[in-house]
Amino acid sequence: MESLLSLGQSNVQSTKQDLVYSVVPLLKLICLTVIGLILGHPKAQLVPRATFKLLSKLVFALFLPCLIFIHLGETVTLRNFVRWWFVPVNVILSTVIGALLGLLVAKVCKPPPEYIRFTVMMTAFGNTGNLHLAIIGSVCHGAHNPFGPACQKTGTAYVSFAQWVAVLILYTLVYHLMDPPFERYEVVDDGIEIQELSTNDLNLPLLLETELPAMGKTSFIARSSLSRNSVPEPDMLEEGGSGAGPGSPKSLGCLTESQIVRKIRIVAEETPVSHIFQPPIFATILAFIVGMVPPIKSVVYGYDAPLSFITDSLEILAGAMVPSVMLILGGMLAEGPNESRLGFRTTIGIIVARLLILPLAGLGIVSLADRLEFLIAGDQMYRFVLLLQYTTPSAILLGAIASLRGYAASEASALLFWQHIFAVFSLTIYVIIYFKMLLSCV
1 MESLLSLGQS NVQSTKQDLV YSVVPLLKLI CLTVIGLILG HPKAQLVPRA
51 TFKLLSKLVF ALFLPCLIFI HLGETVTLRN FVRWWFVPVN VILSTVIGAL
101 LGLLVAKVCK PPPEYIRFTV MMTAFGNTGN LHLAIIGSVC HGAHNPFGPA
151 CQKTGTAYVS FAQWVAVLIL YTLVYHLMDP PFERYEVVDD GIEIQELSTN
201 DLNLPLLLET ELPAMGKTSF IARSSLSRNS VPEPDMLEEG GSGAGPGSPK
251 SLGCLTESQI VRKIRIVAEE TPVSHIFQPP IFATILAFIV GMVPPIKSVV
301 YGYDAPLSFI TDSLEILAGA MVPSVMLILG GMLAEGPNES RLGFRTTIGI
351 IVARLLILPL AGLGIVSLAD RLEFLIAGDQ MYRFVLLLQY TTPSAILLGA
401 IASLRGYAAS EASALLFWQH IFAVFSLTIY VIIYFKMLLS CV
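Under the UniProt record's numbering, the first residue of the sequence shown is numbered 1, with each subsequent residue one higher.
Be careful, since some hints might not be right.
With beta-carbon atoms standing in for the labels, derived distance ranges [said to hold, decoys possible]: (1) 57 / 141: 42 to 48 Å; (2) 292 / 42: 28 to 34 Å; (3) 57 / 370: 29 to 35 Å; (4) 298 / 432: 16 to 22 Å.
Each computed DMTMM-like pair below joins lysine to aspartate or glutamate, with the alpha-carbon atoms no more than 25 Å apart [said to hold, decoys possible]: (5) 297 / 315; (6) 53 / 315; (7) 153 / 373; (8) 297 / 312; (9) 57 / 335; (10) 436 / 339; (11) 43 / 335; (12) 43 / 339; (13) 110 / 312.
Just so you know, the hints here were simulated from the structure itself, not pulled from any lab data.
All values reported here derive from a predicted model rather than from experimental measurement.
Quick reminder that beta carbons are idealized off the backbone N, C-alpha and C, glycines included.
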């Protein structure tokens with residue numbers, strides 16, 4: 001009888017401890033967000049909007065690169081680079097599953113035809129950067145965190161390792177899939193810009209400027225060297241007769257080939273390579289180079305390293321990243337949602353698919369990968385980061401790309417707003433489940 005009582009007490013104590021480990025870090029983040037919301041609320045106006053914009057630029061250009069370089073560079077080695085192979089693979093898997101869920105949402109909720117691609121993209125691509133780092137920073141805060149003394153370093157390293165893959169996908173595949181429908185453009189003569197019929201980005205929402213300020217505020221302007229006048233009419237093709245005239249198969253083949261080559265060239269020119277290589281990505285590449293070359297690493301990292309004063313200074317700056325991100329999030333939520341033509345059903349469908357259904361798929365994927373021994377044995381932080389990739393709201397970069405392309409920018413802002421509101425509750429539920437699952441295996 002006494003043994004049963006003691007067992008019951010230990011189970012209650014374990015459950016209570018798991019709740020404390022999982023809920024308290026989120027409560028810290030919520031407190032920081034509420035402070036940002038109060039400071040940025042239009043009625044209070046304690047901190048002007050321009051200050052939040054400046055803070056977001058500091059996060060992007062300074063605090064985040066410092067955090068990545070400090071923790072990723074110190075943790076990564078050539079051996080770890082190979083051992084972490086499932087982290088980028090998991091990003092791709094979560095994207096593919098999210099895209100399938102997005103197609104299902106589009107089929108069931110029937111958004112306006114011009115927003116079907118947008119629905120798929122917003123369901124498929126989640127936040128893999130700032131929000132993950134904020135959660136890990138809060139979980140690892142304090143000496144008694146459940147992941148051990150290396151919690152912050154390993155967690156940041158795993159998130160940074162995933163981030164470059166996500167950014168690469170966003171600015172190659174997603175950038176072109178977010179191309180506005182043809183109906184939104186005017187057809188003009190050769191060499192003349194095809195302007196969007198309606199643009200309204202004089203006052204972009206703060207939500208679209210937080211994660212990539214360097215992208216600027218200008219909508220994408222499509223260019224085309226092929227207009228209606230440059231395509232031969234069917235009658236003209238028939239007049240060529242036989243041989244090598246305009247109507248011959250050889251001529252048509254050349255025309256088709258030139259159009260394909262031109263299209264490939266336009267796609268290559270429109271891919272924003274300069275936007276891919278931004279400060280966080282440069283910091284990741286530099287951390288890889290320094291971390292995987294032992295002679296350089298011994299000079300930069302470590303208490304007795306000759307350049308340790310530089311890494312110490314960068315670490316002080318990196319400490320401002322988490323509170324700054326959450327304050328900015330509060331300032332974004334204080335602005336409220338924009339108008340959206342996406343439709344109530346589609347908005348709810350994306351939120352449910354992204355925040356409730358996708359994490360369940362993530363639990364199955366990570367559990368299966370663990371059984372197949374694809375994951376690092378005994379590393380619970382590794383598993384926690386993999387699970388987070390399925391749990392967060394849509395990437396804020398999607399909103400920035402929507403603004404850059406002039407396609408559904410207002411809808412992206414409104415959807416991201418509601419997703420972050422509901423994520424407060426969904427993240428809490430799933431983080432409790434993750435902690436219960438991971439800590440029971442320790």
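Verification of the hints:
no. : hint                  : result
1   : 57 / 141: 42 to 48 Å  : 25 Å, violated
2   : 292 / 42: 28 to 34 Å  : 48 Å, violated
3   : 57 / 370: 29 to 35 Å  : 40 Å, violated
4   : 298 / 432: 16 to 22 Å : 41 Å, violated
5   : 297 / 315             : 16 Å, holds
6   : 53 / 315              : 23 Å, holds
7   : 153 / 373             : 23 Å, holds
8   : 297 / 312             : 15 Å, holds
9   : 57 / 335              : 18 Å, holds
10  : 436 / 339             : 39 Å, violated
11  : 43 / 335              : 11 Å, holds
12  : 43 / 339              : 20 Å, holds
13  : 110 / 312             : 53 Å, violated
Checked against the numbered hints above, the structure violates hints 1, 2, 3, 4, 10, 13; every other hint is satisfied.
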